[in-house]
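2 protein chains.
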Amino acid sequence: MSKKFAVCLVSGGMDSTVSAAIAATKYDVAFLHISYGQRTQKRELKAFRQIADFYNVEKRLEITLSHFKEIGGSALTDSSIKVPEGKLSGSSEIPITYVPFRNAHFLSVAVSWAEIIGANYIYIGATEVDYSGYPDCRGEFIEAFNKVIELGTKPETHIKIVAPLLRYKKSDVVKKGLELNVPFDLTWSCYQDEDVACGRCESCLLRLKGFKEAGVKDPIKYKERQI
Amino acid sequence: MSKKFAVCLVSGGMDSTVSAAIAATKYDVAFLHISYGQRTQKRELKAFRQIADFYNVEKRLEITLSHFKEIGGSALTDSSIKVPEGKLSGSSEIPITYVPFRNAHFLSVAVSWAEIIGANYIYIGATEVDYSGYPDCRGEFIEAFNKVIELGTKPETHIKIVAPLLRYKKSDVVKKGLELNVPFDLTWSCYQDEDVACGRCESCLLRLKGFKEAGVKDPIKYKERQI
Numbered sequence: 001m002s003k004k005f006a007v008c009l010v011s012g013g014m015d016s017t018v019s020a021a022i023a024a025t026k027y028d029v030a031f032l033h034i035s036y037g038q039r040t041q042k043r044e045l046k047a048f049r050q051i052a053d054f055y056n057v058e059k060r061l062e063i064t065l066s067h068f069k070e071i072g073g074s075a076l077t078d079s080s081i082k083v084p085e086g087k088l089s090g091s092s093e094i095p096i097t098y099v100p101f102r103n104a105h106f107l108s109v110a111v112s113w114a115e116i117i118g119a120n121y122i123y124i125g126a127t128e129v130d131y132s133g134y135p136d137c138r139g140e141f142i143e144a145f146n147k148v149i150e151l152g153t154k155p156e157t158h159i160k161i162v163a164p165l166l167r168y169k170k171s172d173v174v175k176k177g178l179e180l181n182v183p184f185d186l187t188w189s190c191y192q193d194e195d196v197a198c199g200r201c202e203s204c205l206l207r208l209k210g211f212k213e214a215g216v217k218d219p220i221k222y223k224e225r226q227i
Numbered sequence: 001m002s003k004k005f006a007v008c009l010v011s012g013g014m015d016s017t018v019s020a021a022i023a024a025t026k027y028d029v030a031f032l033h034i035s036y037g038q039r040t041q042k043r044e045l046k047a048f049r050q051i052a053d054f055y056n057v058e059k060r061l062e063i064t065l066s067h068f069k070e071i072g073g074s075a076l077t078d079s080s081i082k083v084p085e086g087k088l089s090g091s092s093e094i095p096i097t098y099v100p101f102r103n104a105h106f107l108s109v110a111v112s113w114a115e116i117i118g119a120n121y122i123y124i125g126a127t128e129v130d131y132s133g134y135p136d137c138r139g140e141f142i143e144a145f146n147k148v149i150e151l152g153t154k155p156e157t158h159i160k161i162v163a164p165l166l167r168y169k170k171s172d173v174v175k176k177g178l179e180l181n182v183p184f185d186l187t188w189s190c191y192q193d194e195d196v197a198c199g200r201c202e203s204c205l206l207r208l209k210g211f212k213e214a215g216v217k218d219p220i221k222y223k224e225r226q227i
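Going down the list, the protein sequences come from chains E and P. Under the numbering used here, the letters of the first sequence match residues 1 to 227, in that order. Under the numbering used here, the letters of the second sequence match residues 1 to 227, in that order.
I should point out that these hints are in silico values taken from the structure, not numbers from a laboratory. Some hints could be false.
[What the hints assert, rightly or not] Straight-line distance between alpha carbons at most 20 Å, and here's what the computed EDC-like set of lysine to aspartate or glutamate pairs gives:
no.: 1; chain 1: P; residue 1: K46; chain 2: P; residue 2: E156
no.: 2; chain 1: E; residue 1: K46; chain 2: E; residue 2: D195
no.: 3; chain 1: P; residue 1: K42; chain 2: P; residue 2: E194
no.: 4; chain 1: P; residue 1: K160; chain 2: E; residue 2: E140
no.: 5; chain 1: P; residue 1: K147; chain 2: E; residue 2: E70
no.: 6; chain 1: E; residue 1: K147; chain 2: P; residue 2: E150
no.: 7; chain 1: E; residue 1: K154; chain 2: P; residue 2: E179
no.: 8; chain 1: P; residue 1: K169; chain 2: P; residue 2: E128
no.: 9; chain 1: E; residue 1: K160; chain 2: P; residue 2: E62
no.: 10; chain 1: E; residue 1: K160; chain 2: P; residue 2: E143
no.: 11; chain 1: E; residue 1: K154; chain 2: P; residue 2: E128
no.: 12; chain 1: P; residue 1: K147; chain 2: E; residue 2: D195
no.: 13; chain 1: P; residue 1: K154; chain 2: E; residue 2: D78
no.: 14; chain 1: P; residue 1: K147; chain 2: E; residue 2: D78
no.: 15; chain 1: P; residue 1: K154; chain 2: E; residue 2: D195
no.: 16; chain 1: P; residue 1: K154; chain 2: E; residue 2: E143
no.: 17; chain 1: P; residue 1: K59; chain 2: E; residue 2: E150
no.: 18; chain 1: P; residue 1: K147; chain 2: E; residue 2: E140
no.: 19; chain 1: P; residue 1: K209; chain 2: P; residue 2: E179
no.: 20; chain 1: P; residue 1: K160; chain 2: E; residue 2: E128
So here's chain E without its partners, still in its complex pose (with noise of 0.2 Å):
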């Protein structure tokens, strides 16, 4: 590729999938999907594979994280542990869906990536605003991990994670997306179903909220709908 290129994580949900659609805007884009064991990961690998097609992204890698689910401790990886549903968190607590320290497992692979296929930015649809209260979304994570990026690649290595959604409410992400025809259609957030999406999870509920804010309809179909 001549232009610079960026190494996009795409769960296949919303947030990613508008990160990496603005990504398109400026880079040629390589897809990088991660599954962690999560209850929902067929489910996520399919919108990953159907959003990769729809921009029709050559280099795509998709990563399998068994270890979560050997760690435990959170709802999301521990079947044992019930996804709460029918609220949003405030961020001052953290949730049982938070995977210790999930975010810095990612960067690390797209890092590995990055530095191998030459990438130049890592893009990834993390948001501080409207978010679950995980602390590994926050910007000064993020900027923190651009030093250990700087500090442990190879001296000729120059990559840097870009968070566009960062201050983005969640109706701004919905409105980010309808401007760049993002396929939401195509993208999953439930944390609990694969067939069709709770709309009780906390992640359905911070979905559903951000198309209402926004003033349009969610196009995913719901089993419920509180909002």
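Fit chain P to the given chain E structure using the hints.
For chain P alone, kept in the frame of chain E given last:
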């Protein structure tokens, strides 16, 4: 456990074993081993288990990371790239055995596990003297990673990486190990063979140089000893 405890990254090599032995003088220890598709992973895992048995470690975690093989680009994980023999790299060049950003992955796994089990420290055998020139073994990398841990984990989580050998020459590692009765005969350092250590790869050469400078004989067997 009542007293503070430490997660020790134990590859099965001499540095990580001496590092863990130092941790064991101060804290209860939990041992973490990571296979990442490296050539000698079976032999290293065997060494890990024997060393963990030697120290009567109850809390153990053996993790496999399959993605380094998919990402490639290193002689350690890509069998199409030959492991260099017969010379020690200067610290100004990054050798082909460099696995891109590897220690960030290892530390991330250690942090996730430490956060779940409530450990206070992570011990890593990184050394920046007599080392292989890997950027992710340097003190400044580890310091930067400590900042990432502070920002990317729960507010009540306090985990600090300790690299007790950072300023040790290889011969100092040997001396410290002898002082602590480290079972060097159980450790494995060779990058390319799993039966008898080759004595020619940079890891064997560094190890042999360390023992020679410490004035003691390495108890393991070699196919060939140039030093």
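A quick look at each hint next to the structure:
1. P:K46 to P:E156: violated (36 Å)
2. E:K46 to E:D195: holds (12 Å)
3. P:K42 to P:E194: holds (8 Å)
4. P:K160 to E:E140: holds (18 Å)
5. P:K147 to E:E70: Violated - the C-alpha atoms of E70 (chain E) and K147 (chain P) are around 25 Å apart, more than 20 Å.
6. E:K147 to P:E150: holds (14 Å)
7. E:K154 to P:E179: Violated: K154 (chain E) and E179 (chain P) sit about 35 Å apart, past 20 Å.
8. P:K169 to P:E128: Distance of about 8 Å is within 20 Å: holds.
9. E:K160 to P:E62: The hint is violated at about 31 Å.
10. E:K160 to P:E143: holds (19 Å)
11. E:K154 to P:E128: OK: K154 (chain E) and E128 (chain P) at ~15 Å, within 20 Å.
12. P:K147 to E:D195: Roughly 40 Å separates the two Cα atoms, so the pair is violated.
13. P:K154 to E:D78: With a Cα-Cα distance of about 18 Å, the restraint between K154 (chain P) and D78 (chain E) holds, given a limit of 20 Å.
14. P:K147 to E:D78: violated (28 Å)
15. P:K154 to E:D195: It is violated: about 32 Å lies between the C-alpha atoms, which goes past 20 Å.
16. P:K154 to E:E143: Judged against 20 Å, a Cα distance of about 17 Å means the pair holds.
17. P:K59 to E:E150: violated (34 Å)
18. P:K147 to E:E140: OK: K147 (chain P) and E140 (chain E) at ~10 Å, within 20 Å.
19. P:K209 to P:E179: holds (19 Å)
20. P:K160 to E:E128: violated (25 Å)
Of the numbered hints listed earlier, those contradicted by the structure are 1, 5, 7, 9, 12, 14, 15, 17 and 20.
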